[in-house]
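Asker: Single-letter residue listing:
Protein chains: 2
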Amino acid sequence: MALTYLHTMVRVRDLDASIAFYKLFGLEETRRYDNDGGRFTLLFMSVPGQENSHIELTHNWDGDDGLPSDSRHFGHLAYGVDDIYATCQHLMDNGVTINRPPHDGRMAFVRSPDNISIELLQNGDPLAPAEPWTSMGNTGHW
Amino acid sequence: MALTYLHTMVRVRDLDASIAFYKLFGLEETRRYDNDGGRFTLLFMSVPGQENSHIELTHNWDGDDGLPSDSRHFGHLAYGVDDIYATCQHLMDNGVTINRPPHDGRMAFVRSPDNISIELLQNGDPLAPAEPWTSMGNTGHW
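Residue numbers (this note's numbering), protein chains in the order written: chain A, 1 to 142; chain B, 143 to 284.
Think of the hints as simulated: they come from the structure by calculation, not from any bench.
Predicted model only: the values in this text are computed from it and were never measured.
Yeah, the Cβ is synthetic: ideal placement off N, Cα and C, and Gly gets one too.
Fair warning: there could be bad hints in the mix.
In silico contact screen, one side only, chain A against chain B (beta carbon under 8 Å); selected entries [what the hints assert, rightly or not]:
{"#": "1", "residue": "Gln50"}
{"#": "2", "residue": "Thr58"}
{"#": "3", "residue": "His59"}
{"#": "4", "residue": "Val81"}
Facing chain B, from chain A, some residues (calculated, C-beta under 8 Å) [unchecked claim]:
{"#": "5", "residue": "His7"}
{"#": "6", "residue": "Gly37"}
{"#": "7", "residue": "Arg39"}
{"#": "8", "residue": "Ala130"}
Chain A on its own, in the form it takes in the complex:
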């Protein structure tokens, strides 16, 4: 096979905050490269046991003025989860806003510390509608 998908890269302002955020979903740190000369860190995180699931977090130690606070240019990263309600509750318990709650038991959106849009999809059939999700309002866009 001549072509291999490798990773999706996103730039982050605060590396520790981003690592903590992605760990909330269950991603694990798999590789780290600190470049003292270039003053940047590349940190790879993956879904345990799943090949080709890498995201690369690029952190420029001296900041990155080119990072807008929001962007429609990039779409989102998507992850399937076994219990979308439990996942969203876990995120809320850790201070993450559920921008698009799983009203339908199927789909939710949150934002990373750098406003990267993250889609969560229930694996298999949607869950039965349940509170507080059914009546929870949307926050911002995603």
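Dock chain B against chain A, hints included.
Answerer: Chain B in isolation, oriented as in the chain A frame:
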């Protein structure tokens, strides 16, 4: 496994131009969803034979004013290739600018029609340095 990586989504202005662009690398269209009511198309493309290699192209039929011409917010999509010189030549022959030529026989960057940054990495060991790549200048940033 509770978590599954699904895809990376990017928004595109011209769906046909983007499909043609990603096909230059060898990606194939795997799923298409046209939504007449919402006036958008979701088009999935994957690396043949490789699971979890999906990109989702989102095309809003009436345009998307939120799409900036460039963004540092999103990093890049990355693909491994068997012959980075042949891949770059094929892209050039089809009108694609090689923003960062593979000077080192190892790494190149191009931009999609929507300025999404695409990284190409030589699979395995780097190729021996060769012209015209060694002396080809960079174009813009990536």
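Asker: Compare the structure with each hint and give your call.
Answerer: Taking the hints in turn, this is what the structure says about them:
1. Hint status for Gln50 (chain A) relative to chain B: holds, with the closest Cβ pair at about 6 Å, below 8 Å.
2. The criterion of a C-beta within 8 Å of any C-beta in chain B is met by Thr58 (chain A), whose closest approach is roughly 6 Å, and the hint holds.
3. Taking 8 Å as the C-beta contact cut-off toward chain B, the hint placing His59 (chain A) at the interface is violated, the least distance being around 11 Å.
4. Interface restraint check for Val81 (chain A): the shortest CB-CB distance to chain B comes to about 6 Å, inside 8 Å, so the restraint holds.
5. Annotation: interface hint on His7 (chain A) holds; nearest CB of chain B at approximately 5 Å, less than 8 Å.
6. Proximity of Gly37 (chain A) to chain B is violated relative to the hint, the smallest CB-CB distance being about 16 Å (cut-off 8 Å).
7. Contact between Arg39 (chain A) and chain B, as hinted, is not supported at the beta carbon level, the nearest pair being about 16 Å apart and thus beyond 8 Å.
8. The beta carbon of Ala130 (chain A) comes no nearer than 19 Å to any beta carbon in chain B, farther than 8 Å, and the hint placing it at the interface is violated.
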